[in-house]
Amino acid sequence: MQSGQVLAPRIEMRQRPSWRRRRIGPWIAAALWLCSQLVVPSYGYGKPPKLGPSEIQSRYRDVLSILAAGDEDRALEALFELETLVVGDEQPWKRVEDFWRLKLRALREMLDADSLALLMPVMVLHHDANQMYLERNRPFLAGHSRIMSVELAEIYADRANSSAAREFSGWVMTSLGAMLWYPTSVISSADLFYRAQMVDPGNPIALMGLGAAYERNANYEKAIDYLTRLLELDPENSVAALHRALCQMRSDETSREQGLEALKHLQRPEEPSWVRSIAHQELARAQLSDDDVESAKATIRRGLAALPGDQQLALQLALVLDGARRPKEALGVLGGIAPGDGQVPSPRLIYDVWEPSDMQDIRDRLRRDATLGLPALVDKLGVEAPAGGEQ
Amino acid sequence: MKRLSVLPTLAVVLLASQAVALEVWIERPRPSEFVVGQVEVLIRAAPEEEVGTVQLMVDGRQVALFDRPPFRVAVDVGQENTEHEFEVLVRSVAGELKSASVVTPALRIDEVVDLGLQQLYVTVSGFGKRVLDLAEEDFRILDEGKRQEIVTFERGDIPLTATLLLDCSLSMKGDRLAAALQGANEFVEGMKPLDQAMVMLFSDRLLRATEFSEDREMLSQALTRVEAAGGTSINDHLFLALSRLEAVQGRRVVVLFSDGSDVHSVLPMEGVLQKARSSRALIYWIRLRDQGEDSEVPEYTSSWRNVEANRREFKDLRLAIQESGGRIEVVESLEELEEAFAGILAELREQYVLGYYPSEAKHDGGWRDVRVRIEKSGLDVRTRGGYFDY
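Chains A and B, in that order, give the protein sequences. Residues 107 to 497, numbered by this note's numbering, are exactly what the first sequence covers, in order. Residues 37 to 426, numbered by this note's numbering, are exactly what the second sequence covers, in order.
It should be emphasised that the hints constitute simulated quantities derived from the structure, not laboratory data. Watch out, some of these pointers could steer you wrong.
Heads up, simulated DSSO-like pairs for lysine-lysine below, C-alpha to C-alpha not over 30 angstroms straight-line [said to hold, decoys possible]:
no.: 1; chain 1: B; residue 1: 351; chain 2: A; residue 2: 403
no.: 2; chain 1: A; residue 1: 434; chain 2: B; residue 2: 351
no.: 3; chain 1: B; residue 1: 182; chain 2: B; residue 2: 412
no.: 4; chain 1: B; residue 1: 412; chain 2: B; residue 2: 165
no.: 5; chain 1: A; residue 1: 434; chain 2: B; residue 2: 134
no.: 6; chain 1: B; residue 1: 228; chain 2: B; residue 2: 134
no.: 7; chain 1: A; residue 1: 370; chain 2: A; residue 2: 403
no.: 8; chain 1: B; residue 1: 165; chain 2: B; residue 2: 351
no.: 9; chain 1: B; residue 1: 182; chain 2: B; residue 2: 398
Covered by chain B, according to a simulated footprint, are these stretches of chain A (three or more residues, beta-carbon under 8 angstroms) [unchecked claim]:
no.: 10; stretch: 358 to 366
no.: 11; stretch: 434 to 446
Since we're looking at a predicted model, the values are computed, not measured. Think of the CB as a built atom: it goes at the ideal place given N, C-alpha and C, for glycine as much as any other residue.
Input sequences plus hints: build the corresponding full structure.
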């Protein structure tokens, strides 16, 4: 069973937020100090920590200082070292929950409207830590980082109350949601897409993700709602159009007709080849379910003419021919299926997952935009600004 | 004394001349007979006590080797409308070689023929062991509930043609794939000279496929340097494997290895089930299941099917396997994998092969239920569940 890939429809980030430089060094230092003080009672749970509260506070400040100096990779390693030391993998949920709740409360109390930008690099740090922990097979710590990142994103969107802040926070959450997307389980990502859509209703990945999540759960009406909202914002989005068409096909009779029309439309040469392949496959499947074998055969043959070598269309044609007791002809069609190296996924897998390169683009842009908050972090922590880091 | 000493010499000469008189011919199929699918081959050799070994080749490939009568076997010549050459080579006990051959014609477009030998591969087990000492009269074949006359009966090692169909999707990454490849390699290593196999590796698409071959080194080579990636399309690749198997002769077997259920296939299992029924291949599924996974039928949704539809797909896959006469081998630890592959090969070496002509063939394309029963109690009998009566 396929699992673990994260991936995406081709949707561009709409606009990059702009950020003003703020001086919040003393505030954040005070916030971190307060945070560490508030954490003290929580260590009553489970095993005693290997580090004391003040040491944790100092080490976390060191992590943020490395981040403020512009070296996120090293900051991630330092965070990994600190968090594995303090939390480990023993899932002391209550202790950890108290830990991050108190930290967030402290931050809320300490930050003012002008210093909020420093949250950008911090939430991206925890966002990237989530990915790092997943790659290192530390799911508990990944969850901890994800919660930190999402909480910071919600605080930032709420406190900053600007469209740019809401967009940035929305992208952090959708990126995290896409990382959690598994072909057979989408509940965790759907939750993050929902929260992203609450802070930024126009986030295309959130709308797409919610549409796809409802599609998975066979709630086609809800899926169509979200996908229609996305198509209103981006009428040329053929991935959303394909998902909506398939939801319509599985919905009521009226919607089915609309879905069939949309599938015909998506067979145009200007559409991505995997979209065209699925449009042919699904139209043929619908025709077969209507016992219209001849139309199905014509659809598949048309698809194969447009997309020679398409394995799934060839299999479909072979099954139809075999059912018509033409096994030799079917075998001839199957003879055209050549093994691939696995580098090019099948259209049905592409449909099911987020495009890795698009997700990487989003992460890269988050990292770039997060640097806009670094000056505020530099000021608050009193560290040296990164070389050439004119913000 | 001198006259008496001549007698043994004469006896030797007479015996030698009798050995030269060995005759061999193919009684079935007849030269004018069109053959397709399962065919009963009956070889006669006389005098039988002079026969050392009898080797049967179909279209140039050895399919059976006998060392005692009866020289009767059912072979599968595939579904193509084409000529077939049956050649028999007999070596007498004195080392003399005799041969005979029959070439059957292709069917003309306006011809109507009555085919219909049904061949059943039967696995019998009892008290945790396979039962190997049954005789023809112990078996009862029921076709649509009616008892049939057994015309061919064999037991033991019959050549096989297998497709090793291995799931290399992302969830197989690491030790799982390495163990599966090692297990499949055990199967290849256990093949005998007349056996053939094809290696087919898949994820959401076909990753690698060899030709059918007896070359164990080539097959082993195909089980190396594979990386787990991508989704899972069991239905698509089971259909492909069954289709490619259908074109080859002999006892056909698919050994599917997968840890999961289908997610990305374009073909519905319902269609593949029909293919499984018509192909008459034995299907085995080595299912790697996570420890603690308590549900027999997996519960999951995907973009392509909801929970109910996925459940149906799984049940149809299970039905295809049961009806084929194969089985699902659930494996919960990687250490068991080699044994699972080897166990299937051992089972295939210990099957009974029964052939019969259905007494009430209708040729209407309908499905006919077949059951095999054994008079002795307490034995478990597994075989194909039926066939399409074309």
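Going down the list of hints, with the structure as the test:
Distance hint between residue 351/B and residue 403/A is fulfilled; the C-alpha atoms sit about 28 angstroms from each other, no more than 30 angstroms. Annotation: proposed proximity of residue 434/A to residue 351/B holds, straight-line Cα distance about 29 angstroms (limit 30 angstroms). Distance restraint check for residue 182/B and residue 412/B: the Cα-Cα separation of roughly 19 angstroms lies within the 30 angstroms cut-off, and the hinted pair is therefore satisfied. A distance of roughly 15 angstroms separates the Cα atoms of residue 412/B and residue 165/B; the hinted pair therefore holds under the 30 angstroms criterion.
Pair hint residue 434/A plus residue 134/B does not hold up; C-alpha atoms about 36 angstroms apart against a cutoff of 30 angstroms. With a C-alpha separation of about 25 angstroms, the suggested pair residue 228/B and residue 134/B falls inside the 30 angstroms cut-off, and the hint holds. A C-alpha spacing of about 15 angstroms is found between residue 370/A and residue 403/A, which places the hinted pair at or below 30 angstroms, so the restraint holds. Restraint check: the Cα-Cα separation between residue 165/B and residue 351/B comes to about 27 angstroms, which is no more than 30 angstroms; the hinted pair holds.
A threshold of 30 angstroms between alpha carbons decides the hint, and for residue 182/B with residue 398/B the separation of about 14 angstroms falls inside it, so the pair holds. Coverage of the stretch 358 to 366 of chain A by chain B is violated [criterion: at least 3 residues with CB-CB distance below 8 angstroms; count 0]. Here's how the stretch 434 to 446 of chain A fares: 8 of its residues keep a CB closer than 8 angstroms to some CB of chain B, so the rule of at least three is met and the hint holds.
Hints 5 and 10 from the list above are not met by this structure, while the remaining hints are.
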